[in-house]
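Generate coordinates for the entire structure from the input sequences, incorporating the hints supplied.
This is what each chain is made of:
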Amino acid sequence: MFPIALLTDFGSRDSFVATMKGVILSLAPKAPIIDLCHEIPPQDLRAAAFQLRTAEPYFPPASLFVCVVDPGVGSRRKIIWGENGRHQFLAPDNGLLSWLQRPIRRWRSVENKGLFLPKLSATFHGRDIFAPVAARLWLGLPPARLGPAMDRPIVLPFPKVEATAKGVRGEILYIDRFGNAITNLSHADIGDCRSVAFRGKSLGAPRSQYAQTERGRPLALFGSSGFLELSVRDSHFAKRFHARPGNRVDCR
Amino acid sequence: MFPIALLTDFGSRDSFVATMKGVILSLAPKAPIIDLCHEIPPQDLRAAAFQLRTAEPYFPPASLFVCVVDPGVGSRRKIIWGENGRHQFLAPDNGLLSWLQRPIRRWRSVENKGLFLPKLSATFHGRDIFAPVAARLWLGLPPARLGPAMDRPIVLPFPKVEATAKGVRGEILYIDRFGNAITNLSHADIGDCRSVAFRGKSLGAPRSQYAQTERGRPLALFGSSGFLELSVRDSHFAKRFHARPGNRVDCR
Amino acid sequence: MFPIALLTDFGSRDSFVATMKGVILSLAPKAPIIDLCHEIPPQDLRAAAFQLRTAEPYFPPASLFVCVVDPGVGSRRKIIWGENGRHQFLAPDNGLLSWLQRPIRRWRSVENKGLFLPKLSATFHGRDIFAPVAARLWLGLPPARLGPAMDRPIVLPFPKVEATAKGVRGEILYIDRFGNAITNLSHADIGDCRSVAFRGKSLGAPRSQYAQTERGRPLALFGSSGFLELSVRDSHFAKRFHARPGNRVDCR
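Protein chains in written order, with our numbering: chain A, 1 to 252; chain B, 1 to 252; chain C, 1 to 252.
Hints may be right or wrong, so weigh each one.
Claimed, not checked - Calculated pairs, DSS-like style, for lysine-lysine (alpha carbon to alpha carbon, straight line, at most 25 Å):
| hint | chain 1 | residue 1 | chain 2 | residue 2 |
| --- | --- | --- | --- | --- |
| 1 | A | 30 | B | 201 |
| 2 | B | 239 | C | 239 |
| 3 | B | 30 | A | 239 |
| 4 | C | 30 | B | 30 |
As the list claims (entries may be wrong) - Heads up, incomplete: computed chain A residues facing chain B, CB under 8 Å, no partners named:
| hint | residue |
| --- | --- |
| 5 | 15 |
| 6 | 21 |
| 7 | 25 |
| 8 | 42 |
Quick caveat, the hints were computed from the structure, so don't treat them as lab data. Beta carbons are placed, not taken as given, at the ideal position from N, Cα and C, and that holds for glycine.
Okay, here's the thing in C-alpha cells:
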C-alpha cells in the first residue's frame, strides 16, 4: 500500500493534477496518492530538485515519486525511472533527481509504449505517460519492463560552496512561503562560523531558534532541511532584503 | 469504489472544500475524494465547464462529479443530477454541464429534502445539499430517489467557430497556469490552416511540439485538450500578448 | 477509520504539508488525511481559530484535527492535546483552539519525547512532533501517554459584541475568498436589527439570500458560518469597501 507522490509545476488553477489522478485511479483504483507539491514555478528544475530532496526522506518505504517538471515535453528528452534503495522515482531526464540525499543507484529509460495511454499529446506527458506508468508500477509491474537500463542521466549540479579568504561562500537555493531564504550551506560547511552576512549586512552567528531573536530582526539558523536559512522572525526575509535564489551568502 | 470528484470555485484559502469533505466522509467514511479543481474564478461558469470537459474522460468509470460553481446559490435555481453513460454529475442548473464531450442523457431535479442536511444555509449548498447527496449516491442511493426526471436544463452554448472570407475564426476559451491560451478550434475546424493569427500577429502554421520553436517565440499547437493553443515556449503567452477568454483567433 | 484533518499556515508552495503526510503515513499507512486548510496567513491565529470553529462541526466523529499555526515554534511554548466530546485536537498552546463551538473539556500537555521523531528541528514541529503524535493517536495510543493533564491553556479571546446607544457593534473576523466580510455578530446578537452599517454606509436589514439584491449592490446576510456577513452579490465586498479583520460593523 505504498503511496504515489506527485511533484509537478502544474499549479492548482487547472485540472492537470486531477487528470493525472483520474488516469492513475482508472488503472489502480486503490493507489493512495499524495500531493508533494504542484506550485513549483513553471519549469524551475532547481526548485523541484530542492523540494524532492527535502521531502523524500520522510515518505514511507517504497513510495513512488512521480515528478513532472518538464520543459522538454514533446521533444526527444527521455523519461527515466530510478530507485535509491528507499524509494522509486519517475521523472523527465533533466536533472530533477540529481539532488536526492541518497543517490539513485539504478536507472531505466521508460520506452515501452504499451504502458502509455494509446494517444499521446505533445504537451501533457504527465497524463499520457507518467500517470499510467506510475499506476502500473504500483500494481507490481517489474521495472525491467519499462525499458532498457541506462547509465548516465542528465545531472543538475548542486551549487558548490566556495572557500573564501575568511570563511566560506554559499548561495540561496530556495525561498519558502514564509520568506525564509534557504541556502546550500550545511553544518559541516560552515564549521564554527561566527558571522553570516548577506549583501554586506551581518546577521550574527547562526541561532538555534527563532525565539532567540526579537520580532522583526533578521537572523540565520539551521532550518528543517538541514541547511542554513536567513529569516526574519514573524516576517518575510526575502521581501525585505530582496533575496532571490542564486544570491550569495558569506560565513566568516 | 468509484471516486467523488469535486469541482468548485471555493479556492484554497478557506475551509469550504474541507467542510464538504467532512460532510461526505461523515456519511460515507470510505468514499475516495479527488479534488478536480477549486480555483475556478468566482462564478466563472465557462472556466468550470471547460475544466470539466477536459478532465472528465480520464476519470474512472462511474465517478461522481460534484460541481459547485453557483452564482445563483440561495435563489430558486434548481440543482440537477445527470449521467452521460460513463459518469454521473451533480451541479446547479446553470449550464455547467453543457460542454461535456459525451452529453448527459438522463437528468433529474434534486428536490428530496430528506437527503440534505437538516438546516440549510442561504450561501453554502455545497455543504448542505451537494455533499450529503453525493455521499448518499456513493453509498448506492438510486438516482430516482433524488427527485423527478427533467428534460431541459439550462444550456451554456459552446462558442461557435465562424467561417471567414479566408478561413475560420474562433475564440480563446481559457488561459491555463502556464499562460497558454486555449481556443475553441479543433483539428476538424481548421483543416489545413497555414497561418494562425492573434491580434494581427501571425504565429505560423500549427506545430506539433514546443521544441519546434525557439525559446521565447510564440506559436500555435494542438494541446492536451484537443484544441488549438497559443503559447510561448518557456514563457507566458497570455501575459505577453494580453490575451483573455473571448479574444478572437483567426486561421487562414 | 476516522480522518486526520490538517490545518496549517504552510501554504501550498512548499512541501511542508506533504512531508507531514509522509511522516503520518510512514507510521499509519491507512490513516485517511484531509486538508482542512493550509492558506492561513502566516502566524494568523485568529484566521486559524475561525476556520477551525467553522469547519469542525461537519467532520466525522472522533476526527483528529492537527493544527499547526505556530509563531512560537522552537521556543518553550507547549504543544497540547484536547477533546471536546466530539473530536480531538493537537495544537501549539497559543489559543488556536479557543473559538471552538463546543469547548475542549480535557487537556494534556504533549511532552513524551518517545513519540516524536528522533531528531527535532527548531523550525518544523509539524513534521517532527505533530505528525508522528497524530499517527500514533490514530493507531490507538491512549491520550494519557502523551503527557500530563493540564488545566489552563492560553486563551485567544473571541471578540466581544458591544452595546451601543442605538444597537450593537461587532467587528469583522475574517475575509473569505469571495471577499465576504464575516463578522462576530450572531442572530442572537442583533435581534431585530433594521440596518447594518459599515463605515457610515447603510447596507439595510439583513437579507436571507443574495438573490434578494441586485448584482453589484452591497448587502448583509447570515452566512454559512452562522454569522452576519457583508457581501456584494457577484463581487468582492472587501476589496470594494477596503474591509479588513478588526473593522467595526454597526447594527441598529
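Here is what the structure says about each hint:
| no. | hint | in the structure |
| --- | --- | --- |
| 1 | A:30 with B:201 | violated, 49 Å |
| 2 | B:239 with C:239 | holds, 23 Å |
| 3 | B:30 with A:239 | violated, 44 Å |
| 4 | C:30 with B:30 | holds, 11 Å |
| 5 | 15 | holds, 4 Å |
| 6 | 21 | holds, 5 Å |
| 7 | 25 | holds, 5 Å |
| 8 | 42 | holds, 6 Å |
Checked against the numbered hints above, the structure breaks hints 1 and 3 and satisfies the rest.
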